[in-house]
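As given, the protein sequences belong to chains A and B, one line each in that order.
Count the first sequence with the working numbering and you get residues 1 to 67, in order.
Count the second sequence with the working numbering and you get residues 1001 to 1170, in order.
Calculated directly from the structure, the hints in this document are not laboratory data.
Accuracy of the hints is not assured; some may be wrong.
Unchecked claim - Here's a subset of chain A near chain B, in silico, CB distances under 10 Å, partners left out:
#1 Ile15
#2 Asp16
#3 Leu33
The model shown is predicted, which means the values in this text are computed figures rather than measured ones.
The beta-carbon is built from N, C-alpha and C at its ideal position, and this holds for glycine as well.
Next come the chains, spelled out residue by residue.
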Amino acid sequence: MKKQCYFSQHNIKHIDYKDTEVLRKFLNPHGRLISRKRSQISAKFQRQLATAVKRARFMGLLPYVAR
Amino acid sequence: MDENVRDDRMSVYEIGYLLAGLPEERIEAEASGVKDVITRNGGVIIAEEAPHHEKLAYTISKKMVSGSYDKYDEAHFGWVKFEAASNKIDAIKKTVEVIPSVLRLLVTTTVRENTYLGKRASLIAASFARKPMGAGEIESAQVPRREAPIAAPATVVEIDKSIDEMVKEV
């Protein structure tokens, strides 16, 4: 059975770049974004997630590269 | 004329900033300085969070007046959500940017409703399986199964041995 989108499950309407704990769940150990195939997020939220991660990286809250 | 009308439209913005190279007691004054800039430009503050200490994910360097670079591994991160006219946001950004203690500045458009999960985030994050493919679950499920068949014969053999020894003794 196909897994439902994580953000719609938790009733999150907007992804905030400050919620780094949530964003980290969608990064691999190198700090790169997990693909949609693996993350199973809807296209809309995957786009929002990508923007949020990039913003968090700029502010030094998340790494550009890790390990 | 239409363009002028469009320029005055109020929108919701958020400024996130990093403060560095300041003593702890001056952080609050600097944060209120940022808010002053917003209110002076006709902005109305909706929500905010006072700067808190944050260990940075990477070293950020900032060019000083002397031409040398200062490197920072930690900073204070704060944010302000506010409503302002779209023709004022550029002025706000430029004014905050030149504050010497501001290491990084990020201006984003956002919505009036609260988007920041804050403490709720850790609870939501905890409910999420690290591996969406379910690989983690399979691994964890297999561990006790592997152990059980190995453990069971070992104990049976041990019991048998001990029984044999007891029988011999008798």
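Now for the hints, and whether the structure bears them out:
A distance limit of 10 Å between C-beta atoms decides the matter here; for Ile15 of chain A the minimum to chain B is near 8 Å, and the interface restraint holds. Hint status for Asp16 of chain A relative to chain B: holds, with the closest Cβ pair at about 4 Å, below 10 Å. Of the supplied interface hints, the one on Leu33 of chain A is violated, with its beta-carbon coming no nearer than about 13 Å to a beta-carbon of chain B, more than 10 Å.
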